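Undergrad: From just these sequences and the hints, can you work out the full model?
Each residue of the sequence shown is one higher than the last, beginning at 1 in the numbering used here.
Certain hints may be false.
Said to hold, decoys possible - Restricting the straight-line Cα-Cα distance to at most 30 Å, the calculated cross-link-like pairs of lysine-lysine (DSSO-like) are: (1) 165 x 81; (2) 25 x 56; (3) 347 x 248; (4) 339 x 282; (5) 367 x 338; (6) 41 x 72; (7) 267 x 282; (8) 248 x 125; (9) 118 x 25.
As the list claims (entries may be wrong) - Have a look at the derived ranges for each label pair, beta carbon to beta carbon: (10) 130 x 158: 18 to 24 Å; (11) 396 x 291: 22 to 28 Å; (12) 169 x 268: 20 to 26 Å; (13) 298 x 48: 22 to 28 Å; (14) 349 x 42: 26 to 32 Å; (15) 106 x 63: 31 to 37 Å; (16) 187 x 88: 19 to 25 Å; (17) 67 x 37: 18 to 24 Å.
Just so you know, the hints here were simulated from the structure itself, not pulled from any lab data.
The model shown is predicted, which means the values in this text are computed figures rather than measured ones.
Glycine included, every Cβ here is placed at the ideal spot set by N, Cα and C.
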Amino acid sequence: MKKILLVIIACLQFVNIFAQIKYEKGYFVDTSGNTIECYLKNNSNIQNSTDPINYKLEQDSEVKTINYNLIKEISIYNTYKFVKQSVEIGREDPLHENAKDFAFKTESLFLRVIIEGKANLYSYKEKGVEIFFFSTDILAPQQLIFKSYRDENYKAKQENRTYRKQLFENLTCEGIDFYDTINLKYDENDLSGFFITYNTCENSQHVVYLKKHKVFYINIRPRINSNSLTLTEIGDRVNLDSYDFENKITFGIGLEAEIILPFLNNKLAISIEPTYRKYNSKIYTPRVGDFTGSFDLNYSSIEIPLSLRHYSYLNDNSKIFLNASMVLDFVSDASIEKKFDDILINKLDIEPALNFAFGAGYKFKDKYSAEIRLYSKRDIVNQLGGWTSSYNAASLILGYTLF
1 MKKILLVIIA
11 CLQFVNIFAQ
21 IKYEKGYFVD
31 TSGNTIECYL
41 KNNSNIQNST
51 DPINYKLEQD
61 SEVKTINYNL
71 IKEISIYNTY
81 KFVKQSVEIG
91 REDPLHENAK
101 DFAFKTESLF
111 LRVIIEGKAN
121 LYSYKEKGVE
131 IFFFSTDILA
141 PQQLIFKSYR
151 DENYKAKQEN
161 RTYRKQLFEN
171 LTCEGIDFYD
181 TINLKYDEND
191 LSGFFITYNT
201 CENSQHVVYL
211 KKHKVFYINI
221 RPRINSNSLT
231 LTEIGDRVNL
241 DSYDFENKIT
251 FGIGLEAEII
261 LPFLNNKLAI
271 SIEPTYRKYN
281 SKIYTPRVGD
291 FTGSFDLNYS
301 SIEIPLSLRH
311 YSYLNDNSKI
321 FLNASMVLDF
331 VSDASIEKKF
341 DDILINKLDI
351 EPALNFAFGA
361 GYKFKDKYSA
371 EIRLYSKRDI
381 VNQLGGWTSS
391 YNAASLILGY
401 TLF
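TA: Right, dumping it as structure tokens:
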């Protein structure tokens, strides 16, 4: 038990050291045109947040805030840059899925700068959909048009790829021809490559702000557990004894390290989550002569689920996930003791066991989460001493991302 507590305390101390909020060198330009050199908290979700912006004038100075609406440009050097632009934007609309063209409307949006030079490439992302814009030294930002639609017979799906024509007509250079645009995909990698090629062809100095997806998270995850156990005697007798320990609600805590994989648009993740769990229970058996029998269960362990997780985006702040886990269980001084009038008759040591778990959950702003997890049955005595068991568990897990 002491060893388990020491592991948990050590993990929490490690997290406390490294989970400090990091501010990085950058600047913002306010609506009055003032440029403020400062240190900013790295937040690449500026497009879809209306929260005040936190900044420091020096690393060791106090945190200041500025209203989201009072900023027209913000950047962390060599990491990201956003500029507020008034643009005409067209969005996919299920009510007009048969229309080849968008219905545009003018909005003031924060565009993420991807390439900055004589020709600039931007993106705007909402509800999991990324829309690209471009501008030049003589053209204001305009949307690069890509739209899926159905033909008049509501059969084959078609694609309006006007963005290829836009680029071919507006970004002309001796080193670029029609074939450089004809196969361009509507994604950041292909479009970035084209804009870099164009700016290089024009001998234009350019800055590349490649999107850096956060790929590593540390999450602290307290939980409420539902536990039950059935202990059954093994033998050839017709009436074998079977004992049910009560369903008991307990509490546990886990520390999860999660890595986002570079597949399926960053929707896959793997994680490892050392978790402390404890389940104690006592049941009484029918009297035998003058003796009262009992079974005392003392079960504490560190579980280590190894999980594969898949995310599905609802919008830019919300996503649901499913995960499947292989659970390794490491026990410490765990046992089931059979007694008569508190005199120890038999002791079954609880053995390390392997089982599986399946969970479904919701995550908000990559910060808060909730999950329901169901575990497969496992035999925790592993048929020792003439007994077998069936341990069942389910958990409601709350999560908070530390960093």
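Undergrad: Hints first: check each against the structure and report whether it holds.
TA: Here is how each hint holds up against the structure:
Restraint check for residue 165 and residue 81: the C-alpha separation of about 27 Å stays at or below 30 Å, so the hint holds. Annotation: proposed proximity of residue 25 to residue 56 holds, straight-line Cα distance about 9 Å (limit 30 Å). Under the criterion of a C-alpha separation no larger than 30 Å, the hint pairing residue 347 with residue 248 is consistent with the structure, at around 22 Å. Restraint check for residue 339 and residue 282: the C-alpha separation of about 11 Å stays at or below 30 Å, so the hint holds.
Note on residue 367 and residue 338: the hinted pairing is violated, with a Cα-Cα distance of about 46 Å set against a maximum of 30 Å. At roughly 17 Å between alpha-carbon atoms, residue 41 and residue 72 fall within 30 Å of each other, so this suggested pair holds. For the hint linking residue 267 to residue 282, the alpha-carbon distance of about 44 Å lies beyond 30 Å, and the restraint is violated. Using a Cα cut-off of 30 Å, the hinted pair residue 248 and residue 125 is violated, with the two alpha carbons roughly 46 Å apart.
Between residue 118 and residue 25, the direct Cα distance comes to roughly 25 Å. Compliance with the 30 Å bound is thereby established for this hinted pair. For the pair residue 130 and residue 158, the supplied restraint of 18 to 24 Å holds, since their beta-carbon distance comes to about 20 Å. Between residue 396 and residue 291 the CB atoms are about 40 Å apart, so this pair departs from the stated range of 22 to 28 Å. Hint check: residue 169 to residue 268, Cβ distance near 39 Å, so the stated range 20 to 26 Å is violated.
For the pair residue 298 and residue 48, the supplied restraint of 22 to 28 Å is violated, since their beta-carbon distance comes to about 49 Å. A C-beta distance of roughly 49 Å is found between residue 349 and residue 42, which places it outside the suggested range of 26 to 32 Å. Range check, residue 106 to residue 63: about 35 Å between beta-carbon atoms, so the 31 to 37 Å window is met. Our hint of 19 to 25 Å for residue 187 and residue 88 holds, since their Cβ atoms are close to 22 Å apart.
As the Cβ distance of residue 67 to residue 37 is approximately 19 Å, the hint placing it in 18 to 24 Å holds.
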